[in-house]
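2 protein chains.
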Amino acid sequence: MLTPLPARIDADRLWSRLMTMAEVGKTTGGGVCRLALTDEDRAARDLLAEWFGAAGLSVRVDDLGNMYGRRAGADPDAPPVVFGSHLDTVPTGGRFDGALGVLGAVEVVHALNDAGCRTRAPLEVVNWTNEEGARFQPAMLASGVLFGPLPLEAAYAARDASGRTFGEELDRIGYRGSAANRLARCAAYLELHVEQGPVLERAGTQIGVVEGVEGISWSRVQILGRAAHAGPTPMAERRDALVAAARLVLLLRDAAGALGTVRLTVGRLDVLPNTVNVVPGAVEMTLDIRSRRDDDLEAALRAADRVCGDVASADDVTVRRAEFWRSPATPFAGRVIAIVAGAAAGRGYTAARLWAGAGHDAKYVADRFPAGMIFVPSAGGLSHNEEEWTSPEDCARGAAVLLDTVLTLAELDRTA
Amino acid sequence: MLTPLPARIDADRLWSRLMTMAEVGKTTGGGVCRLALTDEDRAARDLLAEWFGAAGLSVRVDDLGNMYGRRAGADPDAPPVVFGSHLDTVPTGGRFDGALGVLGAVEVVHALNDAGCRTRAPLEVVNWTNEEGARFQPAMLASGVLFGPLPLEAAYAARDASGRTFGEELDRIGYRGSAANRLARCAAYLELHVEQGPVLERAGTQIGVVEGVEGISWSRVQILGRAAHAGPTPMAERRDALVAAARLVLLLRDAAGALGTVRLTVGRLDVLPNTVNVVPGAVEMTLDIRSRRDDDLEAALRAADRVCGDVASADDVTVRRAEFWRSPATPFAGRVIAIVAGAAAGRGYTAARLWAGAGHDAKYVADRFPAGMIFVPSAGGLSHNEEEWTSPEDCARGAAVLLDTVLTLAELDRTA
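Going line by line, the protein sequences match chains A and B. If you read the first sequence in my numbering, its first letter stands for residue 1, the second for the next number, and so on. If you read the second sequence in my numbering, its first letter stands for residue 1001, the second for the next number, and so on.
Worth flagging that the hints you see were computed from the coordinates, not collected in a lab. From the three backbone atoms N, C-alpha and C, an ideal C-beta is built for every residue, glycine too. A few of these clues could be false.
Label pairs and their in silico Cβ distance ranges [unchecked claim]: (1) Gly260(A) - Trp1325(B): 43 to 49 Å; (2) Asp1295(B) - Met235(A): 16 to 22 Å; (3) Pro1392(B) - Glu298(A): 55 to 61 Å; (4) Arg1164(B) - Ser16(A): 56 to 62 Å; (5) Pro273(A) - Asp1010(B): 35 to 41 Å; (6) Asp1305(B) - Ser16(A): 51 to 57 Å.
To spell it out: a stretch of chain B is covered by chain A in this simulated footprint if at least three of its residues, at any positions, have a beta carbon under 8 Å from a beta carbon of chain A; those stretches are [what the hints assert, rightly or not]: (7) 1229-1242; (8) 1257-1266; (9) 1350-1361.
When you get a sec, could you build the whole thing from the sequences and use the hints?
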C-alpha cells in the first residue's frame, strides 16, 4: 500500500482543460474532428504548448512532430519518466480518446507543482503525432518510426486522401522539429486512456490496469462462386458466393468462440456484382482477429483456414485468405503493471486487469522501454464516436492513479 | 402430331442475320452493348427495317418506338398473329437474348415467303422498345405502357444515368411513331427466346415449352445492430449486424428450399460502416423471391418475415423488411402452350415444360392477349453475359417451332 500523497488532482481543472481542448475541432454532433496535422491539430498543439509553459514545462518538438514538455528532476542524468497520449482524433471522434492522456498528464504536473513536489528523475509529458491513422496510414505513425518497424521516409511519404504528404503537412503547420529532440532515454512510459470498450463500466470497476496490447491479424478473404440470373437459375445449381460467405461468417465466429482469448470480426464485406436480381458471383471480406496470446491468434488463423476449406467444399466455391497486416501481442512491464495496480489500490479504487484490444502508442514504446497503461471507463463502451463519454470523476481517478504511479517510478525527492 | 410443312427454316440464313446484328454494338469481349435508344439501337432498328422490307413486311412504328412488320393474311379483318422480341441489350450483353426472337421471326416470314405460304390471319413481327431496363427503368417499358400498369407520361419521363429522358431519346433517334400504330388487336403473341438458365442444356432437352412467367417480389431488408470497436468489444456483448445478416441469408435460403417452386436470392448486401476494425452496425440487403405460384410466393414472404423475427430475437438486432416491387405470376394461354408443345413434338424435338424466371414482354402482352414463349438452351445457363451462346442448330430448332406454331395459330390458307 502506498501512503496517500500530498499532491492532489484537481478534477475541475482537468475537466475544464478537457472541455477547452474539445472546442478545437468541435463538431455539430458534440464530438471532435481533429485529424493529424490539420489546422485544428495545429491549434490544439499551440494550446498544449501554452499549457506546457503554464505548467513550467520546457517544450521541444522532434522530427515527427512529437511534442515533449520536460520537468527537471533532482538527478539531471536520470532517464525521464514519460507519460502522455495523443491529441489527434478520427473524423467523428470524441472528447476523451487521446486528449485525456495528454491533459491528465498536464494535470499531474500541476498537482506536483501545487504540492511543491520534486522527483529524482525528470518527467516528460508527450503528445504523439498521428496516433489514429485516420488521415495518414499506418496508425501510431510517429511512435512506429521511433520504436517500431516504420522507416522515417515511409512516414514522411504517407499521403492523405487528397494527396498531401505527412512531411509536407508537418512543415505546413510548423511542427517539424529536430531528430535530436526524439525520446532517446526513458525510465518508464505511462499512458492514461479511456477503455473504448464496455468491460469496466459493465463491471462497475473504476480503474483498468492494462497488462499489454493484444496481437492483431488482418486478412482479406475472397470467395469466388458463379454469378447467375436470379430468375432462371435453380437453387440447386447455384454457386452463390454470398451464401458461402454467410456460412463462413458464422463458422468463423464459432471457431473464435472456441478460443477463449480471441475476438474475431468480419468488418467489411463487399458483394459482386451486388444487384438485386443476380446471384452473387464473388464476395470479398476482411477478417480482424485479436488475442493477448499469439498462440491463440495462430490457432484462430489455422481454424479460419480450416473453416474456409470446409465452406469451399460444401458450397463449391473458391475461398482464399491472405493476411495483410500483423502486430504481435505486446505485454507491458511487470513492474509498471504492479505499480499501477498498487496506485489504484492505494487510492481505494476498484480495479481490474485487462488487455488493450486497440492499438496505442504505448505498444511501440513498450518494444523499447518499460511501459504501462491506465484505463478508465467508457460509457456504453463507445469510442471513435461523437457520443464518447467518461465522467469528470472517472477522469480524475485515472489522473490520480497516473500521478501516484509517476511519483513511484520517478521517486519523490522532496515535498515542500 | 402435325404433318411436316413445306416451309423450311434456313439455319444458315438465320445464323448469318444473328451474327450481322451482333456487329451492331459489338464489344471487344465478343458480346453486345446496345442500350435502348442509343445510336447503336438506332442502327439495329434501321437494319431491322431494311430486313422487314426485304421480307416483304410493311413497317410501322408506334409512339413508344415499338416496330411492327406486317404480312397480309387472306382475311384482312382477322386479328394478326404477332411474334418477336427485342433488340436492346444490357451493357455487357450477349448476341442471342432478344435478337433471336426478332430475327427468328424474320426467318419465319422468309420461310413462308420461300414456300409461298399464305395464312388466313395477318402476321406481325415485333421489336419491343427497352425490354432490358438497363438504360431506362422499369424494364419492359414499352409493353408495360401498352398492356401493363405503366402510364405513358412516366415512360417518357424515365431518365437514364446521364439525365436524358426516354421521350427525348426516342425523338433523337427518330423512332417516335404514332399511337395509332400501337398493337391493338392480336390473335396470339409468341416469343422465341434463349432460356437464360441451365435447365434445358443440363437435361439435354432441345425445346422449352414455357407455361408462364413467374411472379416476382423484391424487398429491402434492413438490419440494425450496434457498431463497436473490433478491438475492445467482447464477443458476447456485440450486436453484430453482419453476423445477424449471415444467419438471415442462410435461414432465408432454407425457408425457400422448403417451398418447392420458390427461388430466393439475396443479390445485394451493403455493410455499414464497412471497415476492417469496426463491428458492423447495420446491413441493408435485397430479397428477390420468385415462384410460378402466387400462393407459394406469399408463403415464402411469410416465412421470410418469420425468419427475420427469429434473427431479430436471437441476435438482439432490429430487422425490417419492405417490399418495393411485385409482379404476379402470369400463366400463358393453355391453347398456345399446347400448340407450341405439339409443334415441338411434330418436329421430333425433345421438349420440356418450364416457367420463365425472368421478365419478358410476353408477360405484359399475356395480360391482354393469348400468349406463349418458346425457349432454346443457353450454354452453361449464361445470359446477360458476353459469353452467352446458343448453337446455330438450337436457334434453327427454336425458329422451326415458332414457324409451326405461327402457322397453326394463323391457319394456313394455301401453299404455292
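Exercise for the section: Report the numbers of all earlier hints that the structure fails to satisfy, in ascending order. Expected result: Of the numbered hints, all hold.
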